[in-house]
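So you can see what is in the structure, the chains are spelled out below.
Number of protein chains: 2
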Amino acid sequence: MRLRRLTVVGVGLLGGSVARAARTRSLAREIVAVGRSGPGLAQARAAGVIDVATEDLAAGVSEADFVVLCAPVGALPGLIGAAWPHLAPGAVLTDVGSVKVETVRAADACPAREGVAFVGAHPMAGSERSGFAASDADLFEGRLVLLTPSARSSHHAVARVSAFWERLGGHVRLIGAEAHDQAVAVVSHLPHLAAYALAGAANGEALGLAGRGFCDMTRIAASAEGLWTDIFRSNRQPVLEAVAQYREILGRWEALIREGRWDVLEADLARAREVREKLP
Amino acid sequence: MRLRRLTVVGVGLLGGSVARAARTRSLAREIVAVGRSGPGLAQARAAGVIDVATEDLAAGVSEADFVVLCAPVGALPGLIGAAWPHLAPGAVLTDVGSVKVETVRAADACPAREGVAFVGAHPMAGSERSGFAASDADLFEGRLVLLTPSARSSHHAVARVSAFWERLGGHVRLIGAEAHDQAVAVVSHLPHLAAYALAGAANGEALGLAGRGFCDMTRIAASAEGLWTDIFRSNRQPVLEAVAQYREILGRWEALIREGRWDVLEADLARAREVREKLP
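Protein sequence lines correspond, in order, to chains A and B.
For the first sequence, numbering that gives the first Met the number 0 gives the first residue as 0, with consecutive numbering after it.
For the second sequence, numbering that gives the first Met the number 0 gives the first residue as 0, with consecutive numbering after it.
A couple of the hints might just be wrong.
One copy or two, either will do: identical chains are not told apart, so a pair holds if it fits within one copy or between any two.
With a straight-line cut-off of 20 Å between C-alpha atoms, the simulated EDC-like cross-links for lysine to aspartate or glutamate are [what the hints assert, rightly or not]:
hint, residue 1, residue 2
1, Lys277, Glu177
2, Lys277, Asp267
3, Lys277, Glu127
4, Lys277, Glu204
5, Lys277, Glu140
6, Lys277, Glu62
7, Lys277, Asp50
8, Lys277, Glu54
9, Lys277, Asp262
FYI, nobody ran anything at the bench for these hints, they're computed from the structure.
Just so you know, these numbers come straight off a predicted model, no measurement behind them.
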């Protein structure tokens, strides 16, 4: 796979990393970045990571054969609608959003255009850091990249998007958008909310005794709250279900501790440990 | 500081690490381990980490000038009472328990004996691993070690216990037993319960999508549930308060998500992020 022109929309952590990874791996002859005025575009040009910087979405995407939207999830539906009429025949549009149903729906609502396709993608390679300064050419190396093709996605487009992420080092897996959003609510969105809540529960004095376990568990609470509020909004129902289930488990254990039912608590914790032991 | 005879009671992760650290740093001429029959004692002898192994507590402690109880918190009050009458004049008794009020009370309830002292200690150097096989001579290196002297602890005994943990690489800090138990409920015990609950909330399908964030946040859910049930029991009231506060924060955020009050949620998350950013 060798692209003529790759366009990334947004040059924050993810957009910057896509551009860096593509440059390092010579994946595109030319790399264009679309962004708002701000330090990101200038930094990306200065670093030699992109060839062309523009604030004009239509101009930035119109001659690209591959476009990656790297904006916060709340902005993706609007960007898809705005970019769609300007895509060149044969172009493939993808994204890096952590929530997929809303985005896939926005793409499916666009008028059909011969040879133009959207395939949603979610590289599971976040970080609590953000901005171009945090970008990394190897961010996707060895990471899972979930693709959520819809009924409208052609096999050809899915194959191209798969090949793209594999060239960037990712391990691609296909999953339905609804199943994706429910699963990430549990393994990503809930843990972020839980981490923020742990940090929120620690007052000044207790914080002075925080050890490695607490630091590890709350690291993702250093994530930009605007991005995460946006994710919770976009994936509202699955997140609500995951939080309710989590609070229910904690409520059950709180009652077991209050009632001194230690054997039952220990058996519950053993089941949770067995789940954890399936992971690295 | 150079001990004549150091006795560790228990040779699991912590007891094994105390013995290894003391041996490596030539902190004692002789190291004795008291344990139940099982692989730990034999492994510790085979590794050259201890000189004498015994299942007899009284015999194991009676000629020691420094004794470290490295048993689960639930066993500590009983061990203190059992060891106390056999301690040699001038001996100092300490422990490694994660909960301190119960243990300090048990020591204070022992009849006063001239030149015999207990000073509670909590090296904040746990791991989800357990047993002698997981022990490490550098486990305490750079770690916070909290001492919880009571009104009965002499300055001399506190100084000796401080010197001991500093020789093992720890950074010693003094704190009252009640303040300790309340703080660790928030920064250690609650996070463990939260990690077990996150693992418990992840069903089979979601688990397949677990990324680094989820693995980091649930790592401590691989901890031995028996030890942790024991800790929750020993520190029941502070743990109940911490869990209740945590569930309240999560409940507030669940309501904000349900009601779509994104600005308020984002402001709450920002405050939690600011707390987290004070930590490494």
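Could you work out which of the previously given hints the structure breaks and list their numbers from low to high? 1, 5, 6, 7, 8 and 9
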